[in-house]
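Line by line, the protein sequences give chains R and P. Taking this note's numbering, the leading residue of the first sequence gets 1, the next gets one more, and so forth. Taking this note's numbering, the leading residue of the second sequence gets 1, the next gets one more, and so forth.
Think of the hints as simulated: they come from the structure by calculation, not from any bench. Don't take every hint at face value.
Unchecked claim - Only pairs whose alpha carbons sit at most 25 Å apart, straight line, appear in this in silico SDA-like list of lysine to any residue:
| hint | chain 1 | residue 1 | chain 2 | residue 2 |
| --- | --- | --- | --- | --- |
| 1 | P | 42 | R | 112 |
| 2 | R | 83 | R | 37 |
| 3 | P | 2 | R | 31 |
| 4 | P | 2 | R | 5 |
| 5 | P | 56 | P | 81 |
| 6 | P | 42 | R | 52 |
| 7 | P | 2 | P | 27 |
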Amino acid sequence: EPEVTQTPSHQVTQMGQEVILRCVPISNHLYFYWYRQILGQKVEFLVSFYNNEISEKSEIFDDQFSVERPDGSNFTLKIRSTKLEDSAMYFCASRPTGGGYTFGSGTRLTVV
Amino acid sequence: QKEVEQNSGPLSVPEGAIASLNCTYSDRGSQSFFWYRQYSGKSPELIMFIYSNGDKEDGRFTAQLNKASQYVSLLIRDSQPSDSATYLCAVNGPSNYQLIWGAGTKLIIKP
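Modelling step: build the complete structure from the supplied sequences, incorporating the hints.
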């Protein structure tokens, strides 16, 4: 069964550093997403991406965050100048038109 | 602010019984409703989704929508210990580009 692949599975970074989280969506899916889940809290929408551009972003997704699709298969989330409160599970998801979302296994980001 | 509410549980159900999970949503215009299962430390796993035009059954799972009362339910028949997890309800946001999530209901199936 097709999967959404995320790397790394766990990232530890020092406060103030930049991190790049990587995702390979399912190949025939057109819509890509980043969500995050702080431990014990709800899943929160960050950004959606369609047709090589951001289609929607949440209040969380400020100038600290950016997304790219550098090569037609990868989909990255960059977090600049990380803060302690950025520690969370970050999930990439993709979906086909009219279909359900398939989530990757997530990247656990720990900012120390 | 669009909201999705779920009872946090835990909901304890004997093995073999029917587990019934509910979720209420605030936006009367919502059209897509998703149920996900999440094991501790893992990513959400899609169980099923329905649109505002009807219910759906898939194996042991049935999703039902009550538009008048603005809630969606998930029934799990013949509950198994492996069904023990947190069940997340999600509803399409106003633009259809995002999902709005409930906090999840923890389900425990007792052998």
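| said: For a C-alpha distance cap of 25 Å, please report whether residue 83 of chain R and residue 37 of chain R respect it. | reply: The hint holds at about 15 Å.
| message | For residue 2 of chain P and residue 27 of chain P, compute the direct alpha-carbon distance and say whether it is at most 25 Å. | response | Given that 25 Å is the threshold and the Cα spacing comes to 6 Å, the pair holds.
| said: Holds or violated: residue 56 of chain P and residue 81 of chain P, Cα atoms, limit 25 Å. | reply: 23 Å, holds
| field | Hinted pair residue 2 of chain P and residue 5 of chain R, Cα distance within 25 Å | value | 30 Å, violated
| said: With the threshold set at 25 Å, check whether the alpha-carbon distance from residue 42 of chain P to residue 112 of chain R stays at or below it. | reply: 22 Å, holds
| query | Given the hinted pair residue 2 of chain P and residue 31 of chain R, is their alpha-carbon gap at most 25 Å? | reply | 22 Å, holds
| query | Taking 25 Å as the top limit, are the C-alpha atoms of residue 42 of chain P and residue 52 of chain R close enough? | reply | 28 Å, violated
In the structure shown, a violation is registered for the earlier hints numbered 4, 6, in ascending order.
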